[in-house]
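Given the coordinates of chain A, work out where chain B should sit on it, guided by the hints.
Protein chains in written order, with the numbering used here: chain A, 1 to 176; chain B, 1 to 308.
There could be a bad hint or two in this list.
Stated by the list, open to error - Calculated lysine to any residue pairs in the SDA-like style (CA-CA distance at most 25 Å, straight line):
{"no.": "1", "chain 1": "B", "residue 1": "K46", "chain 2": "A", "residue 2": "N51"}
{"no.": "2", "chain 1": "B", "residue 1": "K69", "chain 2": "A", "residue 2": "T39"}
{"no.": "3", "chain 1": "A", "residue 1": "K43", "chain 2": "A", "residue 2": "S78"}
{"no.": "4", "chain 1": "A", "residue 1": "K32", "chain 2": "B", "residue 2": "D192"}
{"no.": "5", "chain 1": "A", "residue 1": "K43", "chain 2": "B", "residue 2": "A65"}
Hints were generated in silico from the structure; no laboratory data involved.
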Amino acid sequence: MRVVPRLLVAMLFAAALPAHAATPAALLRCQKAIHGRATIFAKLVQTALSNCTFKIESCQLAQEIDGSDPTQCLASASAVCAAYSSKIPAYKSSAGSKAIVACNVIPLGELQQYVAGLGFATADASCSIASVSDLLACLFEGAQCASERTLFALDPRAGDALATAGIAAAHPCVAP
Amino acid sequence: MASRAGGAWARRRPTAGLALVAALLLPAGSTCLASAELSAAKLCRKAFNVQGRTYALKRMGLVLACVDKLLKCELLAEIDGAAAAGCRAAVAKSCARRVGAQADSSLAKAALRFESKVGVACQTPDYDYTDVSSTGPGGLWFANDATCGASIDLPSLLVCVRDQVEARIDAMMSAVKPRTALLFDNVGLGADFPHLVRPPLVDAVLSAPAPGSGVLVDPGVLVVAAGSGLRFTGDAATLGCGGVSDDGRVTITVGAGPTAQQLTLDEPYGAGEVAIFGPWIAAGSVPYTIALQDGACADTVSGTVSVP
Chain A
1 MRVVPRLLVA MLFAAALPAH AATPAALLRC QKAIHGRATI FAKLVQTALS NCTFKIESCQ
61 LAQEIDGSDP TQCLASASAV CAAYSSKIPA YKSSAGSKAI VACNVIPLGE LQQYVAGLGF
121 ATADASCSIA SVSDLLACLF EGAQCASERT LFALDPRAGD ALATAGIAAA HPCVAP
Chain B
1 MASRAGGAWA RRRPTAGLAL VAALLLPAGS TCLASAELSA AKLCRKAFNV QGRTYALKRM
61 GLVLACVDKL LKCELLAEID GAAAAGCRAA VAKSCARRVG AQADSSLAKA ALRFESKVGV
121 ACQTPDYDYT DVSSTGPGGL WFANDATCGA SIDLPSLLVC VRDQVEARID AMMSAVKPRT
181 ALLFDNVGLG ADFPHLVRPP LVDAVLSAPA PGSGVLVDPG VLVVAAGSGL RFTGDAATLG
241 CGGVSDDGRV TITVGAGPTA QQLTLDEPYG AGEVAIFGPW IAAGSVPYTI ALQDGACADT
301 VSGTVSVP
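If we strip away everything but chain A, and leave its shape as in the complex, we get (with noise of 0.2 Å):
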């Protein structure tokens, strides 16, 4: 049997870790409102999209299949959609504002490592992270689109849908 004595690795080669911050209860804190808040806006948004594009499917194929007028009917659909699309960003505001309660308790790095944290150093690179606050504006929007593509792989009219109800430009993850 063949070991090389424990205390010398690691004496040699110290792990980079620097002292920890955060229990492990506040990290789960964190984590659990960031998933929870998540969860909640996903569904918020699916729903107000999808209510949405219903009404302006059921307009168009009410054209389509029975011949309708669908002109007011569009008028109408098309308002619904206009003051659901609005609600989002104050969804998503809330969303934020909840989750960073728990986690503004946490160093940033500790949010970032895997090994005795949460494992977001890899959170979209497209973000600029300096802050809690950044990493958290940076999830709900990633959240945001997930939730449009998961609509548009439920419907593959929605994307048509949205732009009859001139509101395409507002969810561009409503796409292929």
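Same frame as chain A, but now just chain B:
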């Protein structure tokens, strides 16, 4: 009797008259008189939305709840030095019941509910797969879907669409809980979640110089780029030792002191049994120790993980 019949007819005449007036006054194709096909189309469209959203949220809830528990085991070990193996095993067992691939897991039942409920709504005498797929008037445009558009029938379309939903939801879960994939991989659940995002991984295969020798080949310095993890697997052809084929174990410890990460590979070895460490995001070196125990055979090697 005659007077009763006469009374009923007298009540029906104004109603019939009103219906005639309505038919004359209402425009052709009024939504008040939606065709059976239109009603069926809307029901099918709604089923995709509602059941799809229900499945997506159920999946998130089940997976993230499991990951929460696994994460707790690891953080208690990595920060407080608590023993993780027992915690991990207990959570893995309960999570397998909820999110495992077997048909009676909660997740599998949720997936089946999506397919069956949408299937019922979208395969009717008035509206069927041809319409669901169609990009023409009255269609739901699924033929446009780059991945699922070539599905030959509704059941295969629904399996494909569900997979697409899973890909997007799993990507979201990976973003809001980045350790999800590796936590699942280390307890044998990861294979059922191919869409979870994993960091780059450096592979190290543990082997013996000869089958049954009971001696470990020294892996030496393992160089792992910052942001990458280190994945160990065992060589099934050479690591086994002693007469019994399923009681061997390799215990891998990476890090120093009571907060070192420790995982085991159990016989039978191979690609399905992994131990993933890290990733590390700061440059430095981390010690490792690998201990083989299989019947009377035992060997230990030590070295370093170098993060340039």
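Verification of the hints:
Between K46 of chain B and N51 of chain A the alpha-carbon distance is near 9 Å, which keeps this suggested pair within the 25 Å criterion. Distance restraint check for K69 of chain B and T39 of chain A: the Cα-Cα separation of roughly 17 Å lies within the 25 Å cut-off, and the hinted pair is therefore satisfied. Straight-line distance between C-alpha atoms of K43 of chain A and S78 of chain A comes to about 21 Å, which keeps the hinted pair within the 25 Å bound. Between K32 of chain A and D192 of chain B the CA atoms are separated by roughly 23 Å; this keeps the pair inside 25 Å, and the hint holds.
Of the supplied pair hints, the one linking K43 of chain A and A65 of chain B holds, its CA atoms being roughly 17 Å apart against a limit of 25 Å.
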